[in-house]
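Using the sequences plus the hints, can you model the full thing?
Heads up: the sequence lines are chains C and B, in that order.
Take the first sequence: its position 89, counted from the start at 1, is 89 in the working numbering, and no numbers get skipped.
Take the second sequence: its position 113, counted from the start at 1, is 113 in the working numbering, and no numbers get skipped.
Accuracy of the hints is not assured; some may be wrong.
Some chain C residues flagged as far from chain B (calculated, every beta-carbon gap over 12 angstroms) [stated by the list, open to error]:
1) 23
2) 32
3) 61
4) 114
5) 371
Restricting the straight-line Cα-Cα distance to at most 25 angstroms, the calculated cross-link-like pairs of lysine-lysine (BS3-like) are [to be verified]:
6) C:308 with B:107
7) C:308 with B:71
8) C:308 with B:104
Keep in mind the hints are simulated off the structure, nothing from the lab.
The beta carbon of each residue, even a glycine, is placed where N, CA and C say it ideally should be.
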Amino acid sequence: MTTDRIKMILAGLPTHIVLIGLCLIWLIPTIGLFVTSLRPFQDINQSGWWTALAPRKAVGQDVYEKYLAPYYGLDGKAVEGVDLFDPELIGQFRRSIELTVFLREQMEEGKVQLEEMPDPQEMSDLLTYLRQLSGAENAASRLRFTLNNYIDAVMGYRGRANYTTACAEGEQALDLNCNISDLMNPRGMGRAFINSLLVAIPCTILPILFAAFAGYAFSWLHFPGRMGLFALLVGLQIVPLQMTLIPISRAYAQLGLNGTFLGIWLFHTGFGLPYAIYLMRNFIGSLPREIFESAYLDGMSHWTVFYKLALPLSVPALASLAIFQFLWIWNDLLVALVFLGGQRPVLTYQIGNMVSSLGAGWHLLTAAAFVSMALPMIVFFSLQRFFVRGMLAGAVKG
Amino acid sequence: MASVKYEHVTKRWGSVVGVNDLSIDIADKEFIVYVGPSGCGKSTALRLLAGLESITEGKIYIDDRVVNDVKPKDRDIAMVFQSYALYPHMSVYENMAFGLRQRKTSKSEIDRRVREAANILGIEQLLDRKPGQLSGGQRQRVAIGRAIVREPNVFLMDEPLSNLDAKLRVQARAEISKLHQRLETTFIYVTHDQVEAMTMGTRIMVIKNGIRQQIDTPQNLYEYPVNLFVAGFIGSPAMNFMDAKLVERGDKVAVDCRDFILDVPEGKAAVYRRHLGEDVILGIRPEDTHDAEYCPAGINKSLVEVRVDVTELLGREVVVHLTSENIEFQGIFDPRTKARVGNTMAVAFNMDSTHIFDKQTELAIR
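So, in structure tokens, the structure goes:
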């Protein structure tokens, strides 16, 4: 390699390092989230995602040997009447605090004398160890990666274990049927996915439809007050969404639109229109006017010109508008919360409900995040060539 | 096949005047060219006829019918735009057929007309392509084809050749002329290029600042320009202009250009005698400015000593930039000329072909 090449590489090095650094900052947490979503929740609670491929360490063995082995022996049966490795006994302890209570009882009964109790983390590790050795939970046979989180999230399982194990043992919640109909469980993501689609698709199509008509009208139809009306419409973009929630909610209450899909369609369409009209009008206005003049000379009515000329030539702008609008509505929580509520939950709402107020069950969030991300990613990647072209809309003659 | 008439047509946008009191009479089957510098109003005049702009004052007639309030599509005209204005998402066939489909012409009729037009223009093999797959010349022909299939009364063309390269332009000029003879329809053609105007038009209208300067056959415009602007616009290289004064020298009339005095031949002397003592502008075309050695015989000439500044060899002729003390002008010399930069030489003016313009009004004195 010549010195010139080395110099070139070194000159570009700072930029590359910064770029790679930025990419890593974005990618690593996402990868971490993805790996976490594929791990069983017991593993998630014990170790970080970066250890997912490392061999599982024996948790709690040292704690047991430190605190309990002197009394219960290495096989757990040294004390009369207590078999620490009995799965029925250990299975009763759902949380490590219950083990603490059990040990205190044992101390009162005089069976053990512990100078000091293990601290909470050690207690948790101890319980894990006991569970593993008792066979109540077989960690060794537990797969490193599992789809259980996804299944739990989609089916709306809210219990302590998994949907699959709960169904296998017949201990599922009352709202679960352990068959395919659980996909539509109101607390699951299947129903919420459909609701999100029911909100997003009309709210994408309607504003674009109206905006295309309006864009053509503002560009090519001459009527009095055209400019003033356009300025007013574009100026409406200033209005903050949050300010209108209460007045519109009250109006909807009177009209009976609260909690209906029609209400949210109207709301999203109304808020999407100013920007959409602005974009479409600029794009259609940038099309070469001779094409339209030639069409008028040929005797075409405005409707034909719009349908056969303006629309096909506006596809880049329409596609980029569609992507923007769809992504925005798909990810929206506030409007759905206010106007649809829990009766017709959308994905964002359902994800919020997945964790209890104390944050338990957050492993479901990791899976839910990716489930809700899937569709927008597909939409974006399949339409992205339109998106790029749409950004240059107007720069190149049609 | 229709006659067109503009009657005192004015177009105003607020305080800006596009076309000012324009009156033109165009006969059926004429090929008339509107020519003028950029922004002079020629395209506006065309668009007023097409109906793409509204008329502020005056009337426009197509075939004795007032069309001021008639919609463009009902005026039975077809227009070819400067940028062709082809529909980019349709094939060539569709582009040409589109207008006819809107008028509910029968499918067989559409097919016949499109194929005939494609035949005339030599684009039959391009019928399935999209405009994006065509070259500039091909697109221009599709644009013309789209106008032909309409079978209109008047063809309007707005600088259709300005986007073509020089060689293609020469070719296309001939093709359009042939087209005009073949279709026998009125053609109205707008251009800023006086070469196009001179070669294609049966009559030319020179327009400046929205005002018609002169409307006449190419030859008459060349030989008898009515004012300074027309004289300087028609002909390339442009006519030489010199400030001068009409004086008497002996019993003859002469033109005193300060650096030299030129005798006026008898034929014109009578007219100029009436304007003795006036400040005028003398106009002599470069093609009437000869190398004294290679001057054509039998003309009334005046000889002047000048210095050569620049020579441009064109093979067929040499364009020479000359100066006397205060005046710069150009001549077109025989290629055998011995003019070299820096030399002084004798130049002969053909005094039969000079023009005199009044300095104030800029009108020709005849």
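Checked hints:
At roughly 37 angstroms from the closest C-beta of chain B, the C-beta of residue 23 (chain C) stays outside 12 angstroms, upholding its exclusion from the interface. Look at residue 32 (chain C): its CB is around 46 angstroms from the nearest CB on chain B, clear of 12 angstroms, so calling it non-interface holds up. Consistency note on residue 61 (chain C): stated as away from chain B, and its beta-carbon is indeed over 12 angstroms from all of that chain's, at 72 angstroms minimum. At roughly 83 angstroms, the least C-beta separation between residue 114 (chain C) and chain B is larger than 12 angstroms, which holds for a residue marked as non-interface.
Every CB of chain B is more than 12 angstroms from the CB of residue 371 (chain C) (nearest about 38 angstroms), matching its label as outside the interface. For the hint pairing residue 308 (chain C) with residue 107 (chain B), the CA-to-CA distance comes to about 19 angstroms; that is within 25 angstroms, so the pair holds. Between residue 308 (chain C) and residue 71 (chain B) the alpha-carbon distance is near 21 angstroms, which keeps this suggested pair within the 25 angstroms criterion. For the hint pairing residue 308 (chain C) with residue 104 (chain B), the CA-to-CA distance comes to about 16 angstroms; that is within 25 angstroms, so the pair holds.
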